[in-house]
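**Student:** Sequence:
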Amino acid sequence: MSLASMQRDFTAWLVDAPNHVARHLGASAEDGLAVYHHAYRAQLVDCLRDTHEKCAAWLGEDAFQQAALHHIERHPPKSWTLGRYGHDFAASLSTLYPDDREVAELAWLDSTLRQAFDGPDAAPVDLATLPELDWETAILRFVPTLTIGRSLTNSAAIWSAIAQGETPPTAEMLPRAGALLVWRRDLSPHFRSIEAHEQIVLTLALAGRPFGALCGTLVDELGEEAGAAAAAELLRTWLGDGLITEIA
Numbered sequence: 001m002s003l004a005s006m007q008r009d010f011t012a013w014l015v016d017a018p019n020h021v022a023r024h025l026g027a028s029a030e031d032g033l034a035v036y037h038h039a040y041r042a043q044l045v046d047c048l049r050d051t052h053e054k055c056a057a058w059l060g061e062d063a064f065q066q067a068a069l070h071h072i073e074r075h076p077p078k079s080w081t082l083g084r085y086g087h088d089f090a091a092s093l094s095t096l097y098p099d100d101r102e103v104a105e106l107a108w109l110d111s112t113l114r115q116a117f118d119g120p121d122a123a124p125v126d127l128a129t130l131p132e133l134d135w136e137t138a139i140l141r142f143v144p145t146l147t148i149g150r151s152l153t154n155s156a157a158i159w160s161a162i163a164q165g166e167t168p169p170t171a172e173m174l175p176r177a178g179a180l181l182v183w184r185r186d187l188s189p190h191f192r193s194i195e196a197h198e199q200i201v202l203t204l205a206l207a208g209r210p211f212g213a214l215c216g217t218l219v220d221e222l223g224e225e226a227g228a229a230a231a232a233e234l235l236r237t238w239l240g241d242g243l244i245t246e247i248a
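Numbering (the numbering used here), first residue to last: 1 to 248.
Because the hints were derived from the structure by calculation, they are not lab data.
Idealized CB from N, CA, C, for every residue including glycine.
Mixed in with the good hints, there may be bad ones.
What the hints assert, rightly or not - Okay, derived cross-link-like pairs now, SDA-like style, lysine to any residue, Cα gap no bigger than 20 Å in a straight line:
{"no.": "1", "residue 1": "54", "residue 2": "152"}
{"no.": "2", "residue 1": "54", "residue 2": "66"}
{"no.": "3", "residue 1": "54", "residue 2": "96"}
Said to hold, decoys possible - Pairwise CB distance ranges (calculated):
{"no.": "4", "residue 1": "130", "residue 2": "61", "range": "48 to 54 Å"}
{"no.": "5", "residue 1": "61", "residue 2": "99", "range": "20 to 26 Å"}
{"no.": "6", "residue 1": "170", "residue 2": "61", "range": "17 to 23 Å"}
Throw the hints in and build the complete structure from the sequences for me.
**Tutor:** What follows is the structure, encoded as structure tokens:
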């Protein structure tokens, strides 16, 4: 038996412990293999629980354990660091809990906040250093940790309640689909819920559309006066949140 074949068999044992592997390696190896099989899965469950703390609290220990094992069997680690493991756990939960959409949203929020914490540094723009700007053509550049995720439930309220040690509200669908905005400022990851119009113009801004085009989109949606006011308010909010690193 080649070394590559032995490695494939050992990897298969770690993931799902097929009986033929133990027979292939010999009965005397079964006890030792069982130790590795348990330790491998336990370490990855702990990794998922550490990253998805609020989701685990919402599901409860038994349900989270089963969901984690389901994910581990289908998605073994591929990165050199366990810090990246579980970035797709929300997708597994979406499959496991199709009628409880807040579960996957909580996992996405947990994971994205962790990624924002580990993400690259970027200082917010200092308006005092900017020259006179032509806002019609101005391009906004954003912090690299900025991420937008779709939200159909009150998962943000559930997450916040769990984080504060309070009884979380009952899960419910939002009247209208919204989104969650995640970023890091200084050393702290942040998130907030955003409405559809902010998601639309922020997506356009991230794609490099000038501020004048963002205003035009809001005017088309809300009317001239309300659209102009909404654009100014969003710009103030983004600057206040430390989202913008440059205005070119």
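**Student:** Does residue 54 pair with residue 152 here, judged by a C-alpha cut-off of 20 Å?
**Tutor:** This hinted pair holds, its Cα atoms lying about 18 Å apart.
**Student:** Mind checking the hinted window 48 to 54 Å against the Cβ distance between residue 130 and residue 61?
**Tutor:** At 52 Å between Cβs, range holds.
**Student:** Take the C-beta atom of residue 170 and the C-beta atom of residue 61, compute their distance, and say whether it sits inside 17 to 23 Å.
**Tutor:** holds, 20 Å
**Student:** Compare the distance between the alpha carbons of residue 54 and residue 66 with 20 Å, and conclude whether the hinted pair is satisfied.
**Tutor:** Distance ~16 Å between residue 54 and residue 66 Cα, so the pair holds.
**Student:** Honestly, do residue 61 and residue 99 meet the 20 to 26 Å range at C-beta?
**Tutor:** 21 Å Cβ-Cβ, so the 20 to 26 Å window holds.
**Student:** CA of residue 54 to CA of residue 96, is that 20 Å or under?
**Tutor:** holds, 17 Å
The structure meets every hint from the earlier list without exception.
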